[in-house]
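Residue numbers (our numbering): 1 to 196.
No wet-lab data here; the hints were simulated from the structure.
Incorrect hints may appear among the rest.
Claimed, not checked - No more than 30 angstroms apart at the CA atoms, straight line, and that leaves these computed lysine-lysine pairs for DSS-like:
1. K172 / K196
2. K124 / K59
3. K172 / K182
4. K114 / K124
5. K133 / K196
6. K114 / K196
7. K106 / K172
8. K172 / K114
9. K124 / K106
10. K196 / K106
11. K124 / K182
12. K182 / K133
13. K114 / K133
14. K44 / K59
15. K106 / K133
16. K133 / K172
17. K172 / K124
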Amino acid sequence: MPTAQPTPVTNQAPSTLPRTQTTPTNQAVKPATTPIVAANPVLKPLDPQGASKGTNMKKPFPIIVLVLVVLLLGAGTGYGLAVFTGGSVGSSGLRNEPGLQREVSKDEITVGTKVGVADERTFKDTAEGTLEKGGVDGEGSHHLVRPGGDSQTIYMTSSVIDLDQFVGRTVKVWGETFSAQKAGWLMDVGKLEVVK
1 MPTAQPTPVT NQAPSTLPRT QTTPTNQAVK PATTPIVAAN PVLKPLDPQG
51 ASKGTNMKKP FPIIVLVLVV LLLGAGTGYG LAVFTGGSVG SSGLRNEPGL
101 QREVSKDEIT VGTKVGVADE RTFKDTAEGT LEKGGVDGEG SHHLVRPGGD
151 SQTIYMTSSV IDLDQFVGRT VKVWGETFSA QKAGWLMDVG KLEVVK
């Protein structure tokens, strides 16, 4: 019994295979002479006449109206909830506090002046004392002198308020406590109120 020779295997596309191949019994096989056409082709020809009539196109008007109605209802609901819960909300998303200003000039500073942001979640620590300039060993730009000596001094910096305007005044501050290397208490001040 003759041994069949294996058919060479190639990674070429079918159109680049040799015109005839041999089977294991060494009989020649001829390729198909007519091309094979799929019953449902994937690519379909465009119909230029139907496209120009606009019969296949949907009108975007109802979708645009629906989107505008949804946006207006969402804005109205948000505004209604803000008013209903009893407060106005600023552009930063924080609740506005009456009399709280973001910045003040030195001439506007009087007893009761409030500056900063009303973010009581972040700036939840409070203290009161006399604000002085200077930190300790590079920690803080200012410090708050309080009764009880040096152990009660708070060293501060602020990412929100210009503390230089309030040096020498008695103030109440709201801030976030940070860990420090040298200072006993290091705070980032977010809100300040002039007491004296």
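Status of each hint after checking the structure:
no.	hint	in the structure
1	K172 / K196	10 angstroms, holds
2	K124 / K59	55 angstroms, violated
3	K172 / K182	23 angstroms, holds
4	K114 / K124	16 angstroms, holds
5	K133 / K196	17 angstroms, holds
6	K114 / K196	12 angstroms, holds
7	K106 / K172	17 angstroms, holds
8	K172 / K114	9 angstroms, holds
9	K124 / K106	26 angstroms, holds
10	K196 / K106	15 angstroms, holds
11	K124 / K182	22 angstroms, holds
12	K182 / K133	17 angstroms, holds
13	K114 / K133	19 angstroms, holds
14	K44 / K59	24 angstroms, holds
15	K106 / K133	16 angstroms, holds
16	K133 / K172	16 angstroms, holds
17	K172 / K124	12 angstroms, holds
Going through the hint list in order, the structure does not satisfy hint 2, though it satisfies all others.
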